[in-house]
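Go by the hints and put chain B onto chain A.
Number of protein chains: 2
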Amino acid sequence: VSFSEKIIARARALGHPLCVGLDPFADRIPRLFGEAGSIAAVEAFCSEMIDIVAPHAVAIKPQAGLFEPWGHQGIAVLERICAKARDAGLPVILDAKRGDIGTTADGYAEASLGCGQVFATDCVTVNPYMGLDTLEPFVVRAQANGRGVAVLVRTSNPGARDFQDLDVNGAPLWVRVAEALKPIEARLTIAGQAFSSLMVVCGATWPQEAARMRQILPRTLFLVPGYGAQGGSAADAVKGFVRSSDGVLEGGVVSASRSILYPNEAAEAGTLSEWRADILQAVRSAGAELSSAVSLKGGLA
Amino acid sequence: VSFSEKIIARARALGHPLCVGLDPFADRIPRLFGEAGSIAAVEAFCSEMIDIVAPHAVAIKPQAGLFEPWGHQGIAVLERICAKARDAGLPVILDAKRGDIGTTADGYAEASLGCGQVFATDCVTVNPYMGLDTLEPFVVRAQANGRGVAVLVRTSNPGARDFQDLDVNGAPLWVRVAEALKPIEARLTIAGQAFSSLMVVCGATWPQEAARMRQILPRTLFLVPGYGAQGGSAADAVKGFVRSSDGVLEGGVVSASRSILYPNEAAEAGTLSEWRADILQAVRSAGAELSSAVSLKGGLA
Chain A
1 VSFSEKIIAR ARALGHPLCV GLDPFADRIP RLFGEAGSIA AVEAFCSEMI
51 DIVAPHAVAI KPQAGLFEPW GHQGIAVLER ICAKARDAGL PVILDAKRGD
101 IGTTADGYAE ASLGCGQVFA TDCVTVNPYM GLDTLEPFVV RAQANGRGVA
151 VLVRTSNPGA RDFQDLDVNG APLWVRVAEA LKPIEARLTI AGQAFSSLMV
201 VCGATWPQEA ARMRQILPRT LFLVPGYGAQ GGSAADAVKG FVRSSDGVLE
251 GGVVSASRSI LYPNEAAEAG TLSEWRADIL QAVRSAGAEL SSAVSLKGGL
301 A
Chain B
1 VSFSEKIIAR ARALGHPLCV GLDPFADRIP RLFGEAGSIA AVEAFCSEMI
51 DIVAPHAVAI KPQAGLFEPW GHQGIAVLER ICAKARDAGL PVILDAKRGD
101 IGTTADGYAE ASLGCGQVFA TDCVTVNPYM GLDTLEPFVV RAQANGRGVA
151 VLVRTSNPGA RDFQDLDVNG APLWVRVAEA LKPIEARLTI AGQAFSSLMV
201 VCGATWPQEA ARMRQILPRT LFLVPGYGAQ GGSAADAVKG FVRSSDGVLE
251 GGVVSASRSI LYPNEAAEAG TLSEWRADIL QAVRSAGAEL SSAVSLKGGL
301 A
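Sequence order for the protein chains is A and B. Residues 1 to 301 (the working numbering) make up the first sequence, in order. Residues 1 to 301 (the working numbering) make up the second sequence, in order.
Isolated chain A, as found in the complex:
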């Protein structure tokens, strides 16, 4: 089963494309998980989160940068969390934004997409700035091992404009990056499948650009961050999706993290069961909102 097949099948089964971004901010994790700022609290929080969201999300996207402050102990937790998600049948998109020249990229790609992989991931995010040769070790392993590669193209942060929007002969840089990915889209598409296992990051905060991205990469999966806390609406988030023959918009995942992980203002949730109920409600509510957005009439034909 390819990465794209797995993602599309789960989104159809659930009726929405929600991906939960696993961003463990140490100062927002409720005290009931342990000492504030401890890696034990991070692990307990992430582990509980997987139990709750596994039946309700298409995928989970752990944020490697939020485990790294604990060094090797944080990475050990990230490994166990990825393994737990895999064992729960929940596809893992490791949000690591890696990228380096060939021989080093091999190291990163082996860790996330290799056969003896360290992180039990289905897909990893990579940065294209250094060029196509730096993406190659990831693409080769994704193709060989039925996994995916998610390339940063148009990100959701305000500063994305600084370089991604610079005009390159009549089109912004991000369009040129998307165009350069077309051969990879083809290589990661299995005959008979609607979508490639190439994924592009396309921020929900820039809905007008999602349609343009879709024109360039008609079969690529979209990884849409920025829905929820970052300000993108559900309708905006699926702007680049494609209407399937049965009338549903599909073609990627929409990621929400803070709005699901931290539904309450304070880190002082009540009991564990109250906290679980709050998270379950947040994930169901985001799923329902996205479910409406993908089944509405309109959008791209």
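Hint data in this document are derived by calculation from the structure and do not stem from the laboratory. Hints are supplied without guarantee of correctness; some may be wrong.
[What the hints assert, rightly or not] Some chain B residues near chain A, calculated using beta-carbon distances under 10 Å:
id, residue
1, Asp-23
2, Pro-69
3, Asn-157
4, Ala-160
Each residue gets a CB set at the ideal place from its N, CA and C atoms; glycine is no exception.
What follows is chain B alone, placed relative to chain A:
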């Protein structure tokens, strides 16, 4: 003591700007360090390397991607190796090529440049594609803690052309990135010091571009990879350096890794003392070659 002061002072004392790139390729580490492909062999190899090169190099640049395939065990070794270099008085440039949006970049920056830092580093490499706001957490910590930030601008790999050379209103993208870094150059320059603690990656394989980079960023340190095995000559590598009042070219470090770490073709070195002698000769030879290059007449005035 700021990062730039430390780097410039060491280069003056040694008479050359050699930085050793610590790239532990599992299949090239001599068998005498232990089982091929084991993390124990990687640690023994890196640890010996620091003992040998500490008195002869300006800095060491461990390649994070080559520790990641061992997951948390590899990261634990990377932590110990960085700490050992610091204890040996050898500045550490962590080559991690990190980059992410604000809150996550905070995590990465805290791990490498924070006060309770996990990696004992003086500087970390970062990727600018996502925009200036994604560099900010690194810049803030570098400024507060006397450390450096090395931004990828013009890399040494063939694929660097794919995006970095795209024309943006009459200049390549990498020039626009360099221009955008000017305020950071200023913020990381301490009054009375010749150089900023901002560093830019500027590949030795593109010497004609180093002079242009220097015009844009006159006080920025250059991190020049690609010298040695990647094909850049010593003279090419210092093309962007600046002639000091005492006639020496300075303003950055030149990194060599494979030519120093693996001076012999086969992974079958003889005894440990023979191997040590080979490494010492390789590092001295690279130092001598760079020493000639920085003291030659010519270059930038």
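Evaluated hints:
A least Cβ separation of about 7 Å between Asp-23 of chain B and chain A falls short of the 10 Å threshold, and the interface hint therefore holds. Among the interface hints, the one on Pro-69 of chain B holds; its C-beta lies about 5 Å from the nearest C-beta in chain A, closer than the 10 Å criterion. Nearest Cβ of chain A to the Cβ of Asn-157 of chain B: about 4 Å, under the 10 Å cut. The hint holds. Contact between Ala-160 of chain B and chain A, as hinted, is supported at the beta carbon level, the nearest pair being about 5 Å apart and thus within 10 Å.
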